[in-house]
Amino acid sequence: SQKIEQNSEALNIQEGKTATLTCNYTNYSPAYLQWYRQDPGRGPVFLLLIRENEKEKRKERLKVTFDTTLKQSLFHITASQPADSATYLCRGGSQGNLIFGKGTKLSVKP
Amino acid sequence: EAQVTQNPRYLITVTGKKLTVTCSQNMNHEYMSWYRQDPGLGLRQIYYSMNVEVTDKGDVPEGYKVSRKEKRNFPLILESPSPNQTSLYFCASVTTGQGANTEAFFGQGTRLTVV
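As they're listed, the protein sequences go chains Y and C.
All the letters of the first sequence, read from the start, carry residue numbers 1 to 110 under the working numbering.
All the letters of the second sequence, read from the start, carry residue numbers 1001 to 1115 under the working numbering.
In isolation and in its complexed conformation, chain Y is listed as follows (with noise of 0.2 Å):
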């Protein structure tokens, strides 16, 4: 079956450093993968999208890279901040049944 999946469930950095956070699918090949944060006990937030023909997309600290030979998507924060920690899923896009990862949790230590 399809499925995404996020390795790390949580993931703990000092700020300032890189975070970076890894998902891979496997069983299809989607069109776009897309990343989004979520707050404890709130809906996720669409942060990015990445196109299979697109290697890198950036927004302002936010990196993404799409490897369709790894079939995998790496999502950094540069610069982090307390604030940045979260909850980050990742999503595959195809028709139909839309899948998430499981996340992986984000803290960000002063």
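Derived by calculation from the structure, the hints in this document are not laboratory data.
Keep in mind that a hint or two might mislead.
[Unchecked claim] Once the Cα atoms are required to be at most 30 Å apart in a straight line, the calculated DSBU-like pairs of lysine-lysine come out as:
no.	chain 1	residue 1	chain 2	residue 2
1	Y	57	Y	17
2	C	1057	Y	105
3	C	1057	Y	71
4	C	1065	Y	3
5	Y	59	Y	105
6	Y	3	Y	55
7	C	1071	Y	3
8	Y	59	Y	102
9	C	1071	Y	102
10	Y	71	Y	17
11	C	1017	Y	3
12	C	1057	Y	102
13	Y	71	Y	102
14	Y	102	Y	17
15	Y	102	Y	63
16	Y	3	Y	105
17	Y	102	C	1065
18	Y	17	Y	63
19	C	1057	C	1071
20	Y	3	Y	102
Following the hints, put chain C in place on chain Y, whose structure we already have.
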């Protein structure tokens, strides 16, 4: 303002008492979906609808029903709730179509407890 509205936000009910969680969107999206979120299991899709009168099962449809009689509304029905349906529920609507950003907009969530 573009939004997805779920009601109620919090609900405590007893086993077997039918309930409905409403979801409404004002963005004219064709695609809508229900998810439940449990610790360690992430967001799991219950049902989705790609258009009016078209609904399909997601990964965990057992014990749930949905309907899509009009584009803006997508209610989630639990005919006979059980304690294992205690969870945080999210409704989402998604932009679709060629060139669309396909961004998912989520409601505020409904925290359901079945005792």
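Note to self: Hinted pair, alpha-carbon criterion (30 Å max): residue 1071/C, residue 3/Y. Please report holds or violated.
What the structure shows: holds (29 Å)
Margin query: For residue 1057/C and residue 102/Y, compute the direct alpha-carbon distance and say whether it is at most 30 Å.
Written below: Judged against 30 Å, a Cα distance of about 19 Å means the pair holds.
Check: Quick one, are residue 1071/C and residue 102/Y close enough, alpha carbons at most 30 Å?
Finding: Given pair residue 1071/C, residue 102/Y holds - Cα atoms ~29 Å apart, limit 30 Å.
Note to self: What's the verdict on residue 3/Y and residue 105/Y, does the C-alpha distance respect the 30 Å limit or exceed it?
What the structure shows: Satisfied, since the Cα-Cα distance of roughly 19 Å is no more than 30 Å.
Next item on the list: Take the C-alpha atoms of residue 59/Y and residue 105/Y, compute the straight-line distance between them, and say whether it is at most 30 Å.
Entry: Since the Cα atoms of residue 59/Y and residue 105/Y sit roughly 20 Å apart, the hinted pair holds (cutoff 30 Å).
Next item on the list: Below or equal to 30 Å on CA atoms is what counts here, so check residue 71/Y against residue 17/Y.
Entry: Satisfied, since the Cα-Cα distance of roughly 26 Å is no more than 30 Å.
Notebook entry, point to check: Holds or violated: residue 1057/C with residue 105/Y, Cα cutoff 30 Å?
Noted result: holds (28 Å)
Next item on the list: Compare the distance between the alpha carbons of residue 1057/C and residue 71/Y with 30 Å, and conclude whether the hinted pair is satisfied.
Entry: holds (26 Å)
Note to self: Holds or violated: residue 102/Y and residue 17/Y, Cα atoms, limit 30 Å.
What the structure shows: holds (24 Å)
Notebook entry, point to check: Holds or violated: are the alpha carbons of residue 71/Y and residue 102/Y at most 30 Å from each other?
Noted result: Since the Cα atoms of residue 71/Y and residue 102/Y sit roughly 17 Å apart, the hinted pair holds (cutoff 30 Å).
Margin query: Next pair to validate is residue 17/Y with residue 63/Y; report whether the Cα-Cα distance is within 30 Å.
Written below: holds (14 Å)
Next item on the list: Quickly compare the C-alpha distance for residue 3/Y and residue 55/Y to 30 Å and report which way the hint goes.
Entry: holds (21 Å)
The structure shown violates just one earlier hint, number 11.
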